[in-house]
Structure formats: C-alpha cells, structure tokens
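Asks: The chain contents come next:
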Amino acid sequence: MKRIEVLFDNGKKNDGAKYGCMECQTSCQSACKTSCTIGNQNCLQKEEKVYVQKKEEK
Amino acid sequence: MLHTFKFSHRGELRYYLFESENGSLLEIERPVFLYLKNGNGELTQEEKAELDSLDGAVVKEIADELNELKERGIIGVEEERIDIKKSGFIKSLCLNVCHDCNLRCAYCFAAQGTYETENGKQNAESATCNKGGTAREKGNSESLSCGKNEREKSEPADEKTKYKNADEKYMSLPTAKAAVDFLVKASGPRRNLEIDFFGGEPLMNFGVVKAVVDYARQKCKENGKNIAFTMTTNALLLNKKTAGYLDENMDNVVISIDGRREVHDALRKTAGGAGSFDRVLKNALEFRDIRGEKKYYVRGTYTGRNPDFGEDVLFLNDCGFDRISVEPVVLPEDDPLALRLSDAEKIKSEYERFASEYLERRKTAKRFDFFHFMIDLDKGPCVYKRLNGCGAGDEYAAVTPSGDIYPCHQFIGKPEFLMGNVIEGGGVDSAVQEKFQRSTVYTKDKCGECFAKYFCSGGCAANSVTYERDINKTNALYCAVMRKRLELSLAIRAAEKKRGG
Ligand code: SF4
Ligand code: SF4
Numbered sequence: 001m002k003r004i005e006v007l008f009d010n011g012k013k014n015d016g017a018k019y020g021c022m023e024c025q026t027s028c029q030s031a032c033k034t035s036c037t038i039g040n041q042n043c044l045q046k047e048e049k050v051y052v053q054k055k056e057e058k
Numbered sequence: 059m060l061h062t063f064k065f066s067h068r069g070e071l072r073y074y075l076f077e078s079e080n081g082s083l084l085e086i087e088r089p090v091f092l093y094l095k096n097g098n099g100e101l102t103q104e105e106k107a108e109l110d111s112l113d114g115a116v117v118k119e120i121a122d123e124l125n126e127l128k129e130r131g132i133i134g135v136e137e138e139r140i141d142i143k144k145s146g147f148i149k150s151l152c153l154n155v156c157h158d159c160n161l162r163c164a165y166c167f168a169a170q171g172t173y174e175t176e177n178g179k180q181n182a183e184s185a186t187c188n189k190g191g192t193a194r195e196k197g198n199s200e201s202l203s204c205g206k207n208e209r210e211k212s213e214p215a216d217e218k219t220k221y222k223n224a225d226e227k228y229m230s231l232p233t234a235k236a237a238v239d240f241l242v243k244a245s246g247p248r249r250n251l252e253i254d255f256f257g258g259e260p261l262m263n264f265g266v267v268k269a270v271v272d273y274a275r276q277k278c279k280e281n282g283k284n285i286a287f288t289m290t291t292n293a294l295l296l297n298k299k300t301a302g303y304l305d306e307n308m309d310n311v312v313i314s315i316d317g318r319r320e321v322h323d324a325l326r327k328t329a330g331g332a333g334s335f336d337r338v339l340k341n342a343l344e345f346r347d348i349r350g351e352k353k354y355y356v357r358g359t360y361t362g363r364n365p366d367f368g369e370d371v372l373f374l375n376d377c378g379f380d381r382i383s384v385e386p387v388v389l390p391e392d393d394p395l396a397l398r399l400s401d402a403e404k405i406k407s408e409y410e411r412f413a414s415e416y417l418e419r420r421k422t423a424k425r426f427d428f429f430h431f432m433i434d435l436d437k438g439p440c441v442y443k444r445l446n447g448c449g450a451g452d453e454y455a456a457v458t459p460s461g462d463i464y465p466c467h468q469f470i471g472k473p474e475f476l477m478g479n480v481i482e483g484g485g486v487d488s489a490v491q492e493k494f495q496r497s498t499v500y501t502k503d504k505c506g507e508c509f510a511k512y513f514c515s516g517g518c519a520a521n522s523v524t525y526e527r528d529i530n531k532t533n534a535l536y537c538a539v540m541r542k543r544l545e546l547s548l549a550i551r552a553a554e555k556k557r558g559g
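Here the protein sequences come in this chain order: A and B. The numbering of the first sequence is this note's numbering, which starts it at 1 and goes up by one. The numbering of the second sequence is this note's numbering, which starts it at 59 and goes up by one.
Where hints are given, some of them may not hold.
Stated by the list, open to error - Taking lysine-lysine and the DSBU-like style, the derived pairs with C-alpha atoms no more than 35 Å apart in a straight line are:
1) B/Lys353 <-> A/Lys2
2) A/Lys2 <-> B/Lys95
3) B/Lys406 <-> A/Lys2
4) A/Lys2 <-> B/Lys106
5) B/Lys353 <-> B/Lys118
6) B/Lys144 <-> A/Lys2
7) B/Lys128 <-> A/Lys2
8) B/Lys106 <-> B/Lys406
9) B/Lys353 <-> B/Lys268
10) B/Lys144 <-> B/Lys556
11) B/Lys472 <-> B/Lys531
12) B/Lys277 <-> A/Lys2
13) B/Lys277 <-> B/Lys352
14) B/Lys268 <-> B/Lys243
15) B/Lys421 <-> B/Lys555
16) B/Lys556 <-> A/Lys2
17) B/Lys421 <-> A/Lys2
What the hints assert, rightly or not - Covered stretches of chain B, going by a simulated chain A footprint (3 or more residues, C-beta under 8 Å):
18) 79-92
19) 126-138
20) 229-243
21) 510-516
22) 539-550
Worth flagging that the hints you see were computed from the coordinates, not collected in a lab. Predicted, not measured: the structure shown is a model, and the values here were computed from it. Think of the CB as a built atom: it goes at the ideal place given N, C-alpha and C, for glycine as much as any other residue.
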C-alpha cells in the first residue's frame, strides 16, 4: 500500500466482540458521568484475554 | 460506515479514515481523503479542482488500495444489527447518601445538592443549611430514624407520586442497608456490583458511608458477588482520616475541581459565598499523594464562561494531576452559564488546540490521561455495552436519601421517572424500566447514521431529557462535541501508535 497505512486492523476482531457478559463497570460510574465508552473501556475479561462470553454460555 | 477526518499537530496536517463498524483506523494521504470525500459529495470547489487535477494512474491506485482493504474486511463493513435484550438486572447503584452540600455551585444539576425541583420538592427549608459535614459521622447508628416511619407520616395518596415528597436529606443506615439488599437482589446473576457514593456531598454523611461499605462487603460475600466502590467528592472534607479511608476502600475517587482559580472560584462557592479553590486544591493534592498508582480522577465542568477550558485541563496537569476529566455543563439554554449550539465551533477548536498540547505532554514527565481522549482500539468494550450505553434505568439506578429509586442521579426529582423505593420493596416500576430498556443506539433518532455510535453509545439519556424532553432524541451540541472528541482520540491514538506507543 502506497497511499494508505493501516494503523489498527480490526477486521477480524469484530466477530469476537459481539456477546458481552455485561459484568463491566457501568459508564456513569467512571470519571465523567456521561455514557460514552471513550475513556471507559475496561473489559473485565480483558486481562485474561477472554474478550467475549459466547452467546450459548449466556 | 466510513468516516474521514483530519488533525493538525505542530503545523503538520494528517488525514485519517475510520471504519466505525469494526473500529479500524487508517492514515491516508490527502488525495485519498479527497477521493473519499468526493464520493460523499463533500468537497469544496477548490478541493474538487485539486482532485480533478490528479493523474489518472493515481486515482486508479487509490481505488485499487481501497478495494483491497474492502476485500480484507478492514473497511466497507456492513452493519450487522444485533438483537440486544437488556437484562433489567440492576448491578450498579449511585447512592445519594446526602442531599446536602457544603458548596453552592452555580451550575449544579442537583440544585446545590438538594435535588429540589419544581415537581419533586425536597425539604426546601432545611436544604440550604450546612450541617457541618463530619458531624454526621455519628449517623451510623441503627437507631437513627428510619425513612419508612417518616414516609408514613407524609405519604400522599396518589400511587404514582407516593414517594416524591420524601424529606430526608441524609440517608440513614437502615435505608442504605435496604439499598444494598435491593442491589444484591436486583443484580440477579451479575457477579460484579458497584456502588458510587454521591450527593450532595457524600463526605457529609461519612459515618453511613463507612457502615454501608462494611455491610455491602459482607452481603456480597454471602452472595458470592464482588463489589467495587467509588466516591465523587468536592474534597472540602478530605483530611487525613477521610482521605486515608477513601484511599483504602474506594476503587475510584473522583474529585471535583474546575481548573484555574478564577474559573473554579467563580462558580464553586461555599455557602458563605467564598471561593473554595485553595482548600479543594490543597486537599486534592494531598489525596493524590497518598493515592499513588491507585485510580482517581480530578473532574471539572466547563461552562459558557470558560470556552478556553483546555487551559483548565493543562492547569490541573501543571498542578500535578495525571488523571483528568473535564465535561461540558448541562443546563437549559436560557441559563447564562449554558453552552449553546452557537458555541459548537469554538468548543471544537478548543478541543483541537488542547489535543495537540496533550500529545506533546504525553511525551514528557507531565504525561497525563484525559478521560475523553483515552480510546482502546484493540479491545474496547463489547458491542453489547457499546449499544447499551450507560445502563441508566436498566442496570444502573440511583437511590435518594429516602430510598427512592430513579434511573440515574440526573433523573432524581423527576416524578415521571420514579421507579420505586428500596424500603418499600416491591422491585422497580417496570414501565419506567422498559422505557430505558427499549432505548439503545438503534432507537435514538440520529445515532444509526453516526460514525461515533459505538463509542458514544447514544449519549446521555438525562441530557436528552434536559434538552429534548425525550430519552430517544439526541442533542446537536452534545453530538458535535462527542464526534470531535472521538476524532481527536483517534488521531491521538494514531500518533502514539506511530511513536511506538
Ligand atoms: S448521540 Fe449523537 S454523537 Fe452519539 S451516537 Fe448518537 S448521533 Fe452520534
Ligand atoms: S443518563 Fe446520563 S447522567 Fe444518567 S447514567 Fe446515563 S450517562 Fe449518566
């Protein structure tokens, strides 16, 4: 690629991120008291590198 | 959905392409930027002329590269709508342990801590008095008057409004315990629970805070759950004892300070009308020192008075804070402090200016985190969370000193949003809860077509009600600010990645 540089390629990850366990912190409990997920990104499963809970496990 | 944008840093203009469906971020050359913009019919005449002057081989190259990226699934991703069913398990409570405050901030959505509104009046007579903070420490005794008895005396007949005249200003321990019991039960299968001590000023009811922390820990242990505590405080009552306690027991402490002395003191005054800056800064710095690596934030509010709010962020950083959040005020348009749509361009350029300085500081010993510029493109929240947003009224609720339950702290005092009462039991009003459960990024009027949707999560419902009187309507100023913050977060992330960060 000459004219485009891929900095973050999330093409493959999208599938994995669909089914959350909803155990993470609710947004307004963070610093800003607004709902946005920028700055409020702690996925509890992240450390264990288990990003999602599969749908059938929910 | 593809979104192009640019960011100028130290005289250098860079162009970006963002695929909102999967969060891929690409840096593009200017001709690619023009090519994509042209596809959306967004070019000025000069830009169009510039694009037209490009060599045909260059245009082909651009088209080929974009096609390749599409084939690789990096861009041009179709939206796949997910059937999200909200659970209704409340796992997070904002516990308003005190509807009294030792400050009288001019912009307070809680009416100087009292939450007095036209519809849902708290006890106005005593609301303005200052109970003197830690005097309430004694209030952790079980023998304190129980909210229920007082309610029985004043309960109006109308079923829907039966809790709204509750006049307690300080949450009693029995009420606080009932709130914990409610949370444990309402959380169903959720294991990770949260309580945010909020107010008014929560340290004015410190005794109850301590007692409820112990109680919640014990209850959660018995029920196989974890609990995390947060406190949002104005820092006036932080001293060795309270700070030590918060440091030991709170997972996050959010300290309210607006920035430069003149900005802070103009609006965050004591009941006597004096500025609070000196005391707040001193206490906040002492707290930061004992806090070490543990989580805290200093959090400010900017208003129409300080459109140069970036200076306040940098000032807080100069003072020695390294976790900072500054938010636009939420006030009706006719308020003299309100931010208006006509301020949008000014606000956006201030974020831009400040983002550039932020990038520079992050290379130095003054490195700090600004809440709204921290973005994780590798593994952010799952799509469920992105579509759900804050969870207000669904998995998050606020409890008043008298035990009334509302969708969140900003809905307190609005009788149409009253959901129930923790002492009375009986769960929550399913009609109110359903209203919030039905509201997602998909149901909000403008979000479906917005590149920011998976990061903004559809915005703040309370904000929508304040400005648009409807939780499913978006507010143009809020959206403009949110989109700009997202673009800047992406540009900062891109720059840091290229630096090797
Ligand atoms: S609230 Fe506004 S900025 Fe946020 S996703 Fe909706 S339209 Fe976009
Ligand atoms: S509605 Fe707004 S203030 Fe309330 S919890 Fe959600 S983001 Fe926070």
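Asks: Now tell me, hint by hint, if it's right for this structure.
Replies: Hint by hint, here is what the structure shows:
no., hint, verdict
1, B/Lys353 <-> A/Lys2, "violated, 42 Å"
2, A/Lys2 <-> B/Lys95, "holds, 19 Å"
3, B/Lys406 <-> A/Lys2, "holds, 32 Å"
4, A/Lys2 <-> B/Lys106, "holds, 22 Å"
5, B/Lys353 <-> B/Lys118, "violated, 51 Å"
6, B/Lys144 <-> A/Lys2, "violated, 45 Å"
7, B/Lys128 <-> A/Lys2, "holds, 16 Å"
8, B/Lys106 <-> B/Lys406, "holds, 25 Å"
9, B/Lys353 <-> B/Lys268, "holds, 19 Å"
10, B/Lys144 <-> B/Lys556, "violated, 39 Å"
11, B/Lys472 <-> B/Lys531, "holds, 18 Å"
12, B/Lys277 <-> A/Lys2, "violated, 60 Å"
13, B/Lys277 <-> B/Lys352, "holds, 25 Å"
14, B/Lys268 <-> B/Lys243, "holds, 21 Å"
15, B/Lys421 <-> B/Lys555, "holds, 13 Å"
16, B/Lys556 <-> A/Lys2, "holds, 17 Å"
17, B/Lys421 <-> A/Lys2, "holds, 29 Å"
18, 79-92, "holds (count 11)"
19, 126-138, "holds (count 6)"
20, 229-243, "violated (count 0)"
21, 510-516, "holds (count 5)"
22, 539-550, "holds (count 4)"
Going through the hint list in order, the structure does not satisfy hints 1, 5, 6, 10, 12 and 20.
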